[in-house]
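Could you put the whole structure together from the sequences, leaning on the hints where they help?
Sequence positions in the sequence shown follow UniProt numbering and run 1 to 307.
By construction, these hints were calculated from the structure, which means they are not laboratory data. The model shown is predicted, which means the values in this text are computed figures rather than measured ones. For every residue, glycine included, the Cβ atom is placed at its ideal position computed from N, Cα and C. Be careful, since some hints might not be right.
Said to hold, decoys possible - FRET-style restraints, in silico, Cβ to Cβ:
no., residue 1, residue 2, range
1, Gln248, Gly28, 34 to 42 Å
2, Asp235, Gly28, 26 to 34 Å
3, Ser254, Lys100, 36 to 44 Å
4, Gly190, Asp235, 40 to 48 Å
5, Ala94, Thr185, 32 to 40 Å
6, Asp78, Pro55, 34 to 42 Å
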Amino acid sequence: MNSLPVGVPGRLVEVGSRAVRIIESGGGSGPLIVFDAGAGASADSWWAVLRTLPPEVRWLAYDRPGLTFTSSDPAADDRRPSTIARDLAALLDALGETGKVILVGHSRGGLHVRVFAALYPERVAGLVLVDPSHERMLDTSADNPDRAVSRTQQLPMAIASGVLLVAEKAPWTGLRSVWLKQLLTPKIVGALGMTAGHESAMRQAYRSDAATRATRLELTRLGPTLAETARLASDPTVPITVLSGSPQAQEGMSRRVRDLINRLHAELWRAPGTHQILERTGHMIPMDRPDAVVDATMAMRRIVSTG
1 MNSLPVGVPG RLVEVGSRAV RIIESGGGSG PLIVFDAGAG ASADSWWAVL
51 RTLPPEVRWL AYDRPGLTFT SSDPAADDRR PSTIARDLAA LLDALGETGK
101 VILVGHSRGG LHVRVFAALY PERVAGLVLV DPSHERMLDT SADNPDRAVS
151 RTQQLPMAIA SGVLLVAEKA PWTGLRSVWL KQLLTPKIVG ALGMTAGHES
201 AMRQAYRSDA ATRATRLELT RLGPTLAETA RLASDPTVPI TVLSGSPQAQ
251 EGMSRRVRDL INRLHAELWR APGTHQILER TGHMIPMDRP DAVVDATMAM
301 RRIVSTG
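Right under this line is the structure:
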């Protein structure tokens with residue numbers, strides 16, 4: 001692919017042997033703010049946030065290998081945070097970005113940006129973690145008092161992984177269309193503010209072999225991802241703000257699971273960052289509460305600019 005479909009925001013950047021799709025601000029100054037999406041999600045999942053950032057802010061969101069409009073890469077099939085971090089470093093190099101950046105990661109993307117900060121501390125000024133995954137969220141070891149709660153999260157992930165495996169290997173079953181209906185519901189399309197052309201191109205991209213495979217791998221290889229994060233990202237040296245969903249949110253997550261996740265989140269923030277439990281949202285904070293993401297990002301920008 002030499003160019004993006006009509007209606008799709010962003011551009012393609014050559015990074016080594018493949019094309020990486022990015023969405024970026026038209027101008028601005030100060031530290032670049034880089035957005036990393038959750039499992040199987042593209043840069044577009046940040047669109048409600050990106051379109052409301054102040055014009056003076058420099059920002060960038062990108063698609064990981066195989067997701068929508070970025071070329072697939074067999075070397076990235078392990079989907080480990082360290083591999084994704086190296087890919088992001090190569091993208092920043094290709095763009096000529098040598099200064100420290102602020103990283104914003106949602107869900108699985110929170111693991112990616114924490115590992116990036118551990119591997120490239122000289123390139124990171126601060127982190128904003130948006131309802132991030134945590135390395136102990138699936139811990140069922142005997143010495144974990146929350147192991148029963150952790151175990152309840154494994155079945156939904158296993159079911160989703162199984163559906164995606166069938167969708168990948170047997171596209172004639174129609175499961176790709178079923179999965180797509182969950183990814184791009186009218187509510188999501190409306191919240192993101194997609195044009196008709198943008199939505200149509202996204203639906204076509206998500207039906208591809210590469211996108212189905214990449215999404216499945218990001219779900220099925222979550223265990224090694226959590227283990228690597230625990231090994232590499234345990235001692236952050238930058239300010240970190242964490243945004244958590246509300247325990248009252250109706251989001252398909254039990255109150256016990258949400259309480260556990262928020263307790264784990266409380267371990268991640270680092271002053272002068274903060275930990276905020278938001279109202280009126282569950283896990284999908286970038287769509288439900290883009291205002292909170294913008295506020296937290298701008299606060300981190302002020303912290304690193306004056307520190």
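Inset, instruction - Hint says 26 to 34 Å; check whether the CB-CB distance for Asp235 and Gly28 agrees. - result: holds, 32 Å
Legend entry - Range hint compliance [Cβ, Gly190 to Asp235, 40 to 48 Å]: holds, 41 Å
Inset, instruction - State, for the Cβ atoms of Ala94 and Thr185, whether the hinted interval 32 to 40 Å holds or is violated. - result: holds, 34 Å
Inset, instruction - May I ask you to test the hint 34 to 42 Å on the CB atoms belonging to Gln248 and Gly28? - result: holds, 36 Å
Inset, instruction - Given the hint of 36 to 44 Å, check if Ser254 and Lys100 actually sit that far apart at their C-beta atoms. - result: holds, 39 Å
Inset, instruction - Indicate whether the distance between the beta carbons of Asp78 and Pro55 respects the range 34 to 42 Å. - result: At 38 Å between Cβs, range holds.
This entry satisfies every hint, going by the numbered hints stated previously.
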